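Go by the hints and put chain C onto chain H.
Each chain is listed here by its residues.
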Amino acid sequence: VTPGRALGATAAAGAAAVALALLSGIAWPVTRAEEAALRLSLRARPERLETCRTPSAEELAALAEHMRQRTVCEGFTASYRLRVVVDGHLLADIVAQGGGLRRDRPLQLLQDHPIPAGSHRLQVTLDRREVADAGTAGPSTAPPASAPAVTVDTGRYAGRAGREADERDRRRRATLPAALALDTTLTIAPGRVALISFDSETRSLAVRTPAAP
Amino acid sequence: MTPRFSASARRLLHVLDAGAARLFGWRGNPLHQAGTLAVVMLLVLLVTGLYLVFVYRVGDPAGSVARVAADPWIGSWMRSLHRYASDLFVVAALAHAVRMFLQRRSWGPRTLAWLSGVVLVGVGLVCAWTGFVMAWDSFGLRLARAGGRLLDVVPLFSEPVSRGFAGDAPVTSAFFFVNLFLHILLPLAMGVGLWLHVSRLARPVLLPPRQITWALVAVLTVVAIALPAPLGPAADPFALPASTPLNLVTSWWVPVVERLPAGVAWGAGLLGLALMLAVPRLTRQPREAMAAPSWVDPQLCTGCNQCPQDCPWDAITMVARGDDRPTLVALVDPERCVSCGICAGSCAPMGVGPPGRTGRDQLGRLREDATAAPTAPVLICCDQTPAAARAVLAARGAAIRTVPCVGNLHSSVVELLIRAGATGVMVAGCPPRDCVGREGPKWLHARLYLDREAELQARVDRRRVGTTTLAAGAVGEAVADWERFVAGLPAPDELRPEPLAQLAVEAICDPPPADAAVTP
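In the order they appear, the protein sequences are chains H and C. Read in the numbering used here, the first sequence has 71 at position 71, and its numbers run on one by one without any break. Read in the numbering used here, the second sequence has 126 at position 126, and its numbers run on one by one without any break.
Pulled out of the complex, with its shape left as it was, chain H reads as follows (with noise of 0.2 Å):
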């Protein structure tokens, strides 16, 4: 190998390693200098819209034990349609489910919308879509006005109406109210993101504009 291919080799060995790396980190323009983002970050489980009834003292008996459940709901899981207006511009119209082929799984929604920076006003609505009519009430919170003689809960069973309430109850406020709304006005920066989404504590829909850091 002669000095000048030498020298060459090593010269195209570093060019093409120069290349290499410069290919392995090039800066990938990604959002606009002055654009900040409303992200939309929704997990929650929809509301069982029922119709309750009391199962008959001769349905009960046909049942085994265990299974002589004091209240029997039937139904579906609602839809919910969500806006978001900034500025009084319409900015996202949604119509959310529960998630599964059953749509009875809790509801996701995560959405990245592109806002200029500055302060805005932001109006969010979460409504459900289904009207309960007459027949249709969300879940029961009241436990059953009678019990049925002849299914008089004893031993293991016994306070069973009580606990199949309780039971219901913390699923009602597990869900969804049927319609939430934010009305506020939002302050961001550049390059940042305000995030919008539902609180189970407060059950209300809260915004989170983090500083930068």
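Hints are computed from structural coordinates only; laboratory data are not their basis. Some hints here could point you the wrong way.
[Stated by the list, open to error] Quick partial rundown of chain C residues pointing at chain H, CB under 7 Å, derived from the structure:
{"hint": "1", "residue": "PRO160"}
{"hint": "2", "residue": "LEU220"}
{"hint": "3", "residue": "PRO241"}
{"hint": "4", "residue": "GLN299"}
Predicted model, so just to flag it, every value in this text is computed and none were measured. Backbone N, C-alpha and C define an ideal beta-carbon position, used for all residues, glycine too.
Coordinates of chain C only, in the frame set by chain H:
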């Protein structure tokens, strides 16, 4: 693959090879070493990765990587070298795949190597994905989101993966632990894949020559020190960066996937993968165009065990004979044989080889070819050498003959040519690392000079025999070899030419066993 495409592919390869050979010489041509360079990069990744895994913290991924990147003594260049080695692994593996494809080495007995190679590159890209996520900078978050979008289409997880990076809650250490686990597990799987990749090869060459290995590592290290791999700001789900560092080598798919619906991205990816996996099927030659596998004439086979030793594909085994002779007999596995013909050059009694290309066939053809009676020095070239290079040597007085591979050439052909009047015979092979028969030049040299079976007989004047390498872009070297060879040839008046047609095959090659019934 049509003949026109095949010829165009070969021309393209010669052009690329010529460029690389002019820069690096044919011995250092990186295009011939692409597969082994990929293995070297895996080793570099292993060494640098071992260091990095000890300083990485799943509880503080961005912070620990930032500390490594800020350490000017070891951390910074180790991390950069790790990054650049992963990039070069992908580049080298793709170059290797393209070369195998263009050289029609992607089907038949090589199908397993092709399929495992495709999977290796795919696993390498996934491994790179986990590596970038480990750093948890703005690009890591971007990759995590892109991956999350893709995974959300697959009904595997009870909760959408992409929600984990929305900012509702901090990303858990468990995520980084699983990611680190994958980043370590996948290379182990690649080790198994590599074993599978070369499992059909005898004496697989896994590393390039030592000088190339160290030169490459040195160059990459210098670049890693001079140009540290960029690290974006720590991942912040509430940040909307104007730009992120993007690795175009291993993560070129990210901007594409971000713009496509996840289902379409999956569809495109799976279609691409299916096409790559279907290459062996799509490029398979029609049966009549396929080179037939070698076969063994059991009457001629002496059971010397040379052809199994020389076969680069482990396609020949010795088995018990069906007759009462006390030796074993060679048996070719047609599923593994690529018809390279190297066994033909290894067999002293010329009883093995692809149909029409055994030693006997080569000698027979030479005797029948009236125009073959040589008076000038002969240059026997591998078919794969560039035609333009052969023309250059022909213009310098070489009587050119070709063979499918110099490893296919039986040493008796060299003897026959000299006995018939050739003043000298030079054999020009491909660069050893670019031999389609894998070990043609190696075995040729051993047979001509090191008495390896089937050796060139001692009665042949070695001054009249030479070898050279005829590589695209390095024709000058072969020309110089040729001119030196011709200048050193003894005077032709020492020769006593014998008419080719009168030279019996048995006068040249080893006689077959006494009890064998042979039809020459």
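Against the structure, the hints:
no. : hint   : result
1   : PRO160 : holds (5 Å)
2   : LEU220 : holds (6 Å)
3   : PRO241 : holds (6 Å)
4   : GLN299 : violated (50 Å)
Against the hints set out earlier in the document, a violation occurs for number 4 only.
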